[in-house]
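Residue numbers (the working numbering): 111 to 308.
FYI, nobody ran anything at the bench for these hints, they're computed from the structure.
Keep in mind that this is a model prediction, so the values were computed, not measured.
Where hints are given, some of them may not hold.
EDC-like mimics (lysine to aspartate or glutamate), calculated; alpha carbons at most 16 angstroms apart, straight line [said to hold, decoys possible]:
1) K174 with D151
2) K174 with E196
3) K173 with E122
4) K174 with E291
5) K173 with E212
6) K173 with D284
7) K173 with E196
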Amino acid sequence: MHSPDDPYAPIEDYAVIGDCASAALVGADGAIDWLCWPRFDSPSVFAALLDAERGGRFQVRPKKEFSVERRYMGDTNVLETTFTTETGVLRLTDLMPVGPPEAYRRELWPTREILRRVECVEGTVTARVVCEPRLDYAQADPVFDDRGDHGFFCNHDGAVLVVRSEVPLRRSTDRHVLRGEQTLQAGDRRFLSLAYDE
Numbered sequence: 111m112h113s114p115d116d117p118y119a120p121i122e123d124y125a126v127i128g129d130c131a132s133a134a135l136v137g138a139d140g141a142i143d144w145l146c147w148p149r150f151d152s153p154s155v156f157a158a159l160l161d162a163e164r165g166g167r168f169q170v171r172p173k174k175e176f177s178v179e180r181r182y183m184g185d186t187n188v189l190e191t192t193f194t195t196e197t198g199v200l201r202l203t204d205l206m207p208v209g210p211p212e213a214y215r216r217e218l219w220p221t222r223e224i225l226r227r228v229e230c231v232e233g234t235v236t237a238r239v240v241c242e243p244r245l246d247y248a249q250a251d252p253v254f255d256d257r258g259d260h261g262f263f264c265n266h267d268g269a270v271l272v273v274r275s276e277v278p279l280r281r282s283t284d285r286h287v288l289r290g291e292q293t294l295q296a297g298d299r300r301f302l303s304l305a306y307d308e
């Protein structure tokens, strides 16, 4: 594990989730530090891997210090990250769903999506969420519009990013960043979604 004083984790500290068209690198700290959408060769949405200050990330983690264990569930590309704190255990599950091609034609599916589930499995833990996309290799700062129960939307070059979260989020003053915290007790779980569509 790398030093918390170093903003750049070694590449071996990252796990990957994907949907056969794109992939995200997830750090041991629960941060998606690299994602290009909608394809592998598309411009980045998150690029903290290259620029920790300006690149952007989507992080879900405990508010306080933690130790971490990670694994893939069975023979899947579903990543499970378990954070242990002084007050409890928080589990984060990350995946990029893949539907059958015919479903995209007859049902309402986003072009791409990341699903994140955070649950307290023991004790009490405050979960912290930060979503700060920096589109097109950090050349564009998205502006989030709050659409109430429908989530937070931002438009960029004909594409739409939608963030939905059961952890209450609020926008930064400039509307470029979403942040939230919620204290969870054993058995509590919350879902988050980041979707992309054209």
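Hint check results:
| no. | hint | in the structure |
| --- | --- | --- |
| 1 | K174 with D151 | violated, 36 angstroms |
| 2 | K174 with E196 | holds, 8 angstroms |
| 3 | K173 with E122 | violated, 24 angstroms |
| 4 | K174 with E291 | holds, 12 angstroms |
| 5 | K173 with E212 | violated, 41 angstroms |
| 6 | K173 with D284 | violated, 23 angstroms |
| 7 | K173 with E196 | holds, 11 angstroms |
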